[in-house]
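Residue numbers (this note's numbering), protein chains in the order written: chain U, 1 to 344; chain V, 1 to 344.
These are computed hints drawn from the structure, not numbers from a lab.
Here the structure is a predicted model, which is why all the values come from computation and not from measurement.
Beta carbons: idealized from backbone N, C-alpha and C, even for Gly.
Accuracy of the hints is not assured; some may be wrong.
[Unchecked claim] If the Cβ cut is set under 8 Å, some of the chain U residues that face chain V in the computed set are:
1. Leu7
2. Ala11
3. Ala62
4. Gly63
5. Lys64
6. Gln77
7. Gly88
8. Cys109
9. Thr152
10. Leu158
11. Gly248
12. Ala281
13. Pro288
14. Ala298
15. Pro307
16. Arg310
2 protein chains.
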Amino acid sequence: MSDTVSLGIEALRERVDAIFRKAGLNAVQAGAIARVIVAAERDACKSHGVYRIEGALRTIKAGKVTADAVPELLTQQAPAIVKADAKGGFANPAFELGLPPLVERARTCGLAALVINDAVHFSALWAEVEALAEQGLAGLAMCPSYATVAPTGGNRPLLGTNPFAFGWPRQGQPPYVFDFATSVAARGEIELLRRAGKPLPEGWAIDADGRPTTDPEAALAGAMLSFGGHKGSAIGTMIELLAGIMIGDLTSAGALDLLRTTTLFPSHGELIIAFSPQAFAGGRPGNPLGRAEVLFEAILGQGARLPSQRRFLARARSEAEGIPLSRMEMEQLDRFLELGLGSV
Amino acid sequence: MSDTVSLGIEALRERVDAIFRKAGLNAVQAGAIARVIVAAERDACKSHGVYRIEGALRTIKAGKVTADAVPELLTQQAPAIVKADAKGGFANPAFELGLPPLVERARTCGLAALVINDAVHFSALWAEVEALAEQGLAGLAMCPSYATVAPTGGNRPLLGTNPFAFGWPRQGQPPYVFDFATSVAARGEIELLRRAGKPLPEGWAIDADGRPTTDPEAALAGAMLSFGGHKGSAIGTMIELLAGIMIGDLTSAGALDLLRTTTLFPSHGELIIAFSPQAFAGGRPGNPLGRAEVLFEAILGQGARLPSQRRFLARARSEAEGIPLSRMEMEQLDRFLELGLGSV
């Protein structure tokens with residue numbers, strides 16, 4: 001008997017949606033986070049798939065997310081800014097609400113920004129830049145998280161793992177997409193090594209006294225480090241400024257102060273910028289989408305990979321054969337559905 | 001007798017301006033590049049200071065820059081995009097021309113972009129995000145260069161050193177500014193180690209066969225590597241897409257194909273994005289400039305530095321005491337002024 005079951009994408013989405021309805025979320029909240037969790041599981045992006053349900057349920061149970069929030073678009077002051085207030089709910093329904101006006105504004109203005117405020121956040125940003133790429137737009141997305149990363153030269157958590165994502169549309173195939181933490185590693189990776197009793201690679205973290213450490217426990221009590229030394233630390237700081245302070249929302253330090261734990265999902269905002277390649281390239285020789293393919297071919301032609309390639313392969317597999325889930329994962333889904341918030 | 005002379009900022013600017021006029025540049029070209037070269041020298045940013053004059057003169061002598069170019073603003077199609085055509089001249093006069101409408105558009109739209117096309121480029125991008133910060137705007141600037149960097153997992157030059165700069169305004173003091181190459185090192189640093197007969201640090205470069213090397217000669221014949229591994233490589237690729245292909249201008253590979261050498265300055269475009277923190281934060285609690293100071297204090301408070309701090313200290317010194325130049329540098333300036341293009 002196989003230890004893995006295959007579930008259709010739509011079947012898994014319905015099940016995750018039902019879990020969150022049972023846990024008390026309204027339809028708009030449950031629908032949006034079910035879509036994003038299932039998209040991650042479909043892409044074999046396990047760290048953001050059904051694994052995240054438990055954390056979301058804990059966050060709901062702790063009263064740290066508004067279960068019946070209905071996000072609202074705010075009246076525009078500036079023509080290239082769209083503002084979506086998540087009303088204390090998850091960021092994803094606010095993104096879904098803000099996406100159409102963001103696309104419209106980017107096409108009209110050439111570029112535009114979507115600001116999401118007062119959101120609880122846990123999802124990967126690639127889904128958002130992919131949604132823009134489906135509309136033929138390039139996109140950048142970034143947000144704080146909670147303070148777990150020391151700035152280069154410092155010794156205490158201040159920055160978040162602050163993800164940074166970019167997407168570029170491609171015709172007839174998945175977009176060029178990257179999405180990464182601006183810390184060397186994700187906090188979850190350190191947690192996994194701790195559970196496995198394995199040391200961390202060098203350069204991931206410092207202990208509570210600011211000394212380099214490879215001990216996961218010491219790292220979790222200390223601080224993670226930025227990718228790429230001072231350059232990554234600068235980008236992480238930029239994300240605090242643009243996607244925290246500039247949009248009038250919490251920094252990673254503020255989010256942690258408010259929550260006082262990293263076991264629940266943090267509240268903060270998010271910044272998404274959409275670019276119309278047609279508007280930018282207008283009047284210049286060459287089609288930007290066609291020219292980009294030449295660049296991608298040159299990357300692939302020397303044996304390098306495009307980011308997200310493995311994720312898109314997994315997606316194609318899931319679409320053809322269903323999403324593989326372990327028996328343990330299936331049993332957990334059943335338990336979540338049966339017991340609701342009593343399961344966490 | 002001292003080996004160093006001190007020259008007032010304005011005196012050096014006049015001298016550099018006169019050198020470029022003697023070399024055949026018109027007033028708008030000579031004025032803008034003299035300002036940016038002297039700003040770098042004033043900030044002890046030697047790699048972009050008077051050291052760059054020789055390269056600029058060689059580029060002029062080779063006929064690779066239009067000496068009498070007058071940049072032009074193009075008619076707007078999209079309200080948040082400003083386009084400045086450098087007309088084959090240096091990028092800096094086009095930036096100076098595009099700055100006021102960029103500031104105006106960013107204030108009106110919330111964010112806006114300046115596209116510079118058909119420019120010869122050699123200057124640091126911090127000057128541009130600082131100019132935005134002086135107007136109370138946050139800014140991002142990026143551009144390709146020429147293909148000298150292999151994408152992670154590849155073995156041949158394809159990406160440029162593609163600088164990425166960010167600025168955030170601060171009241172009563174210099175802005176928060178970073179500006180770095182998305183390669184591990186600048187090409188000039190490898191060149192300096194080659195001249196000194198010293199090996200490169202590990203991880204900077206690969207040889208022509210794609211193998212890691214610490215030999216500067218082998219590195220110059222091979223390819224440089226991106227900072228931060230695949231993450232930096234992805235950001236370098238993003239810059240090719242946004243600030244090369246999207247704006248209808250050359251990629252780093254295209255710039256090298258056209259020039260066939262890295263000893264002259266390349267032609268390409270540039271993308272600058274300006275954000276109005278007031279427009280983004282409007283209606284939200286807290287003043288974004290004040291809140292940013294809390295973040296900067298937290299960085300400094302744990303012994304970490306803000307990027308550009310050393311540069312601003314040098315600037316203050318130069319403003320008080322003049323710009324220190326070696327006797328050799330002074331003699332070179334005299335020779336440039338006397339012989340014009342005959343000096344290179």
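Here is how each hint holds up against the structure:
no., hint, verdict
1, Leu7, "violated (31 Å)"
2, Ala11, "violated (34 Å)"
3, Ala62, "violated (24 Å)"
4, Gly63, "violated (22 Å)"
5, Lys64, "violated (19 Å)"
6, Gln77, "holds (6 Å)"
7, Gly88, "violated (15 Å)"
8, Cys109, "holds (4 Å)"
9, Thr152, "holds (6 Å)"
10, Leu158, "holds (5 Å)"
11, Gly248, "holds (2 Å)"
12, Ala281, "holds (4 Å)"
13, Pro288, "holds (5 Å)"
14, Ala298, "holds (5 Å)"
15, Pro307, "holds (5 Å)"
16, Arg310, "violated (12 Å)"
The structure fails hints 1, 2, 3, 4, 5, 7, 16 (numbered hints given earlier, in ascending order).
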